[in-house]
Every structure is written in C-alpha cells, then in structure tokens.
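Required output: the full structure, derived from the provided sequences and hints.
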Amino acid sequence: MSVTVLIPTPLQQFTKDKATLECGGGTIAELIESLETNCPGIKARICDEAGKPRRFLNLYVNSEDIRFLNGTETPLQDGDEVSIVPAVAGG
Amino acid sequence: MTLATPTKTNQSNLTCTPLLNLRCKECGAEYEPKATHVCELCFGPLEVTYDYEAIKNRVSRATIQAGPNSIWRYRDFLPVTSAEPIDVGTGMTPLIKSKRLAQRLGLKNLYIKNDAVNMPTLSFKDRVVSVALTRAKELGFTTVSCASTGNLANSTAAIAAHAGLDCCVFIPSDLEAGKVLGTLIYNPTVMAVKGNYDQVNRLCCEVANTHGWGFVNINLRPYYSEGSKTLGFEVAEQLGWKLPDHIVAPLASGSLYTKIYKGFQEFVKVGLVEDKHVKFSGAQAEGCSPIAQAFAEKRDFITPVKPDTIAKSLAIGNPADGIYALELAEKTGGHIASVTDAEIIAAIKLLAETEGIFTETAGGTTIAVLQKLVAEGKIDPEETTVVYITGNGLKTQEAVQGCIGEPFTIEAKLDSFERAYERSQTLDRLEWQPVLV
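These protein sequences, in sequence, are chains E and F. Position one of the first sequence corresponds to residue 1 (my numbering), numbered consecutively onward. Position one of the second sequence corresponds to residue 1 (my numbering), numbered consecutively onward.
No incorrect hints appear here.
Cβ-Cβ distance ranges computed for the label pairs, FRET-style:
#1 E:Glu81 x F:Asp166: 24 to 34 Å
#2 E:Glu73 x F:Gly356: 48 to 58 Å
#3 F:Lys108 x E:Ala50: 49 to 59 Å
#4 E:Ala44 x F:Gly164: 38 to 48 Å
#5 F:Pro94 x E:Leu69: 41 to 51 Å
#6 E:Ala50 x F:Lys306: 23 to 33 Å
Subject to a maximum C-alpha distance of 20 Å in a straight line, what follows is the list of computed EDC-like cross-link-like pairs (lysine to aspartate or glutamate):
#7 E:Lys43 x F:Glu40
#8 F:Lys97 x F:Glu382
#9 E:Lys52 x F:Glu40
#10 F:Lys194 x E:Asp65
#11 F:Lys25 x E:Glu49
#12 E:Lys16 x F:Glu40
#13 F:Lys34 x E:Asp17
#14 E:Lys18 x F:Glu40
#15 E:Lys43 x E:Asp17
#16 F:Lys372 x F:Glu382
#17 F:Lys242 x F:Glu383
#18 F:Lys262 x F:Glu327
#19 E:Lys52 x F:Glu26
#20 F:Lys25 x E:Asp48
#21 E:Lys16 x E:Glu36
#22 F:Lys372 x F:Glu383
#23 E:Lys52 x F:Asp300
Hints are computed from structural coordinates only; laboratory data are not their basis. Where a beta carbon is used, it is the ideal one built from N, C-alpha and C, also for glycine.
Laid out in structure tokens, this is it:
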C-alpha cells in the first residue's frame, strides 16, 4: 500500500529536497513512523515531545484536515494523498 | 538554526532602516530576513525584529509628521530597506469622531477608523500588500501571489500592476461578484478554487513549495503582517499621540488584531506615546467563530470550523493567529464575541444610516459586536473606543440586496412626485419598493 505525502519546505532537508514522497501506513500515526524509517529525524520535527503532531502543523488526508476526521488514527487507503502544511499561513 | 545576517539584496538602495532578522515567536530561533514564514524547528510563526534603540534615536513625532501622507510616514517601523517603497497613497484614512452612532449606542467617545476608503482598493489589505510587495521586490521576486477571501486579491492584483510584477491570485470560487471583478480588472491570473478559504490556503502552501513565487500571506507573511501595525500607529497619531482605552476589530486569521497591539506597543517602546492599558475586543460571524468559541469556553487552543456565513472576508475556519488573538483578548481584558448574519446586515445599515459609511460584511460584524458589547455593559460609555472598519460595502452588495428597498419609480411630472413623496412619508420603505406611482 502506498500513499503520496506532500512535504513542506522546512522538512525537505530530511527528504533529500523532495517535495513529495511515496510512503506506507494504515493510519496517520503509522505513516509518521514509516516516514521516520525512511527519513530519520523527521518525526521529531512533525511531533512534539508527547508524540502528537505539533500545534503549528496541519495534516490533511485528501484535502481534509485530520481534525475533522479521526486525528492521527485517521485510516489511509492506497492512493491517498497526505499533506503536511505549516499552520501559520494566510489571513 | 540559521544565524541572522542583514539582507544583502538591493545594496544600492539600502538606507539605515534598522531591520534586523526574523525570530520565531515560539522558540526564539533566528533566521535571515528572507522569504520564509515558519520556524524550521517548531513551525512557529516568524516575526521581524527591529533595533528599537536605533529607531528611538531616529524618529520623533515631528519626523513622522514631516513624512508622506501614507503608511510610509512610519517606515522606520516597517520591514523594508528600499529608499523608495511602493507608495500608492495607502493609509492615513480618516479617524472619525462618531456622533450619531455613538448617541444611538450610548457611547460618549466613539471613533471610527475608516479603512473602507483606504487606497487603492478600499480595504485595509492595501497596507499589508504595500509592505509585502516592496519586500518582494527587494528579495528579487518577479511574480507575486496570495490566498485571498477577496480584499487581498484586489489589493495584490492592483499594487502588483502598479509595481510591474506578475500576479497570480487564488480565491474561493463562491466570492461576491464585486470582489472577483475588482481583481480581474487589473489583469492578473485568477484561480477560483472549488472550496472554502482554508482549502485555498492549503493549496497555496503547496504551490508556494513548488513555485518560486512571493506569496504575500505565506512566505512573505512576516513582512506582510507588519503592515497592519500602521492601523495602530495612525490611530495613536490621530488621537493626538494618545492610545485609546478600548478597540474593537474584526477577526479572521487574527493577524490584524494582534498587529494593532504590536503597533501600540512599539510607539510606547520608542517614547512616542505614553503607556496605557488598552482593551482589545474582537468580532467574528457566528457562522465562522472558532476564536469566539474558544474565548467563550476559556480554551487555550482553537478548534477549526467549516465556515458558513455571509461575512466571507472573515470566513477563515482555521485561523493562523487565532491563539495569539485569544491570548491578547484575555491579557487586555477585552472580549471576543460573534453575531448572526442578520445582525451583521442590520449593523451595516446602522453604520450607513448614522455615519454615512458603507462597509462590507466584516465591518457589519464589527459594528454588531460593538453593539453587543455595549448592551452587555462590556464597554464603558466614557471610554475612548475605536472601532475598525476594514472594508467597503460596494464590494459585497449581495449581502444587503433585498434588505434596503428600491427607489420609487415615478413619471417626470410634479403630481407623480407629490403622490410618491406622500407615500414615502407614510409607508415603511421596504413596503413601497415595488410601487409605481
């Protein structure tokens, strides 16, 4: 199973400057672990000390904010697109 | 972490403006003043820092008053280095001492800061865009962009046209006709995205990742947002170099509201005004009130919402500066409240009928919240209160159509006029709208 992950500029230092990655994981939480395996160090940037996504980072599955879905337990399916987007933008 | 160094762009145009670097509002990490908006470590927002001692030595009330009649009279407090920033006459909009609205509400010292007549595109956004596009040019961008609820697209397209920059703007596809037309006329590329503003914003973040454009409210946001401080500076200067007791401003992302505060604080810091406790109150529409909800529930976090309101310019369900707005209201003893769409329309009419100011839905929201706070005893009638009107009603005509009646259609004859006039004196205006006399 593979989902496409859109990586914001500040995290591309962990992805060899790639803006998109193909990655596995049945849920957002599993996807983050899978990202960490492929790109060591990235999890500590995405998540805070408690292991939750940082408050200034938004995650979307197929354009929907995971806070409107099931948070980090939101299930993922083959072909889904996950966006990691810094929250401080717009207005 | 990248250490701060002064910008090296446009050296020939450098003045000694004391722009230093960008600093993360959360963790304090510092960055060069380039096109970047979030901390690489914690994703907190980056803010421009200044050398206030240097500003204090350079700036006085007299030097400001001798400056241009625009936001650039405060250029020492703005994050640009060009000798000639883009000046399209933005700023120095009227601060009006209200008589009739104040009387209606029972307030003695109410002032209206009227950015419905800001130049060139009739909203406060001209302030932030003038700063952002000046900085965009300094950083070498040739294409500029934005995620907009309408006013920002108008302003970015207009000022980009003036500055000779290519422009591509993104808006939700359901915006008011006036806001779409008011962008297209400047001939930018306009992307009308099927979705709400938050979806537009997310898309723009992704585009900003892959295109080397200057997005005024994404990678240029630290500079852009500083432009809103001028709404604080101007009010202080126009009140005779004094701060008000209470301000009421609309809340979309929360940026404007927090930057007005920063503007007041900077004037205090360099000795231009005396320090004073100012209460900050904020206004949202009930159909998109994530900050007001958090305030009412005494939360320290924002839960995003899906907007459903006629106040489209405030329809940000996931506000970037929401938590800072929340903190500011708490810290200053202000209030954040929301009002219904019907209350917004009634308030647009009230402002028009009492002060001769036609504002858009954001202004209606702000006036309706002002009314509400007064009714609840949360604004003292003696307080010097400033209410911020940030946009023009001609852009959101759909919101009031059907609520303001129609003209009498009469024959070009004196008796036709007399009959019509008699009717107009006896009937409620909304009742005589279809009548041909």
